[in-house]
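*Asks:* Same order as they appear, the protein sequences are chains R and A. Using numbering that gives the first Met the number 0, the letters of the first sequence correspond one by one to residues 0 to 115. Using numbering that gives the first Met the number 0, the letters of the second sequence correspond one by one to residues 0 to 115.
One should not assume that every hint holds.
For chains that are exact copies, the list does not tell them apart, and a pair is met inside one copy or across any two.
[To be verified] Listed below are the simulated SDA-like cross-link pairs for lysine to any residue, each with C-alpha atoms no more than 20 Å apart in a straight line:
| no. | residue 1 | residue 2 |
| --- | --- | --- |
| 1 | Lys90 | Leu111 |
| 2 | Lys90 | Leu27 |
| 3 | Lys90 | Arg112 |
Hint data in this document are derived by calculation from the structure and do not stem from the laboratory.
2 protein chains.
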Amino acid sequence: MPKPGAPPLQGDLLQGTLDMLILQSLILGPAHGHSIAHNIERHSREVLQVEHGSLYPALHRLETRGWITGFWGTSENNRRAKYYRLTPAGKKQLTTQTSRWAELVQAVNRVLRPAE
Amino acid sequence: MPKPGAPPLQGDLLQGTLDMLILQSLILGPAHGHSIAHNIERHSREVLQVEHGSLYPALHRLETRGWITGFWGTSENNRRAKYYRLTPAGKKQLTTQTSRWAELVQAVNRVLRPAE
DNA sequence: GTCCCTCACCTCGCTACGCGAGGTTCGGGA
DNA sequence: TCCCGAACCTCGCGTAGCGAGGTGAGGGAC
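Go ahead and model the full structure; you've got the sequences and the hints to work with.
*Replies:* Given below as structure tokens:
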């Protein structure tokens, strides 16, 4: 039974934005999963929380779709880590998604502010 | 099998925002389902599309949670229509959700624009 | 009177995503 | 040696949006 007074615009993430945020995190160069998550959390000033149960499925999803490619390497802490790099298709996808995002935000805000 | 090159920030709606948009539509007074959908589409300049399969489940969900109450009436076209009215709890919920929405949008945008 | 269009309601089953819980491996400090 | 924490992973759940597939009734056209 779901609590009746529960989820206020669910979770810590707006569903569908995680892929975009990951792609964006890779724009400056390859990174491994853990650091991508930290990067998103840091840049959002801890507002967005990237859980493991969302992160890894998302990375695999993106790799399957060909937006990113993974390779094994060593982290700054000398630990085995899987790095991901943006593919050209991924870069293109990122621009598509960000403009779509902007469009949707604008649309929602227009409904929210009937003034003007 | 899902098409590999398919969904760009899924659907026509950002998941989780529909409830908020419906509540907002009722802020000026009761309305029936069909007109709520049209209202959202119009104010968003047709960017947001509210499908029947999303609308009615959402209305029932909101009613179950006590944010809105429904009553039968007659539409402008002299047809049987179910009107919904915002409850005090729903009004409160709306302000909660809109501020949460603003917070999330700001957070995502900060990740998207590492500049500044 | 009948036909049909449109308004307005509804349900079902699918898919996708986020998430919590659970788990593994291994480097390095105490 | 012990344990912490980095870094990876999977599974099952809940929930939301959506397409398809309906139902019933008002009202104009003929």
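*Asks:* Which of the numbered hints above does this structure break?
*Replies:* none
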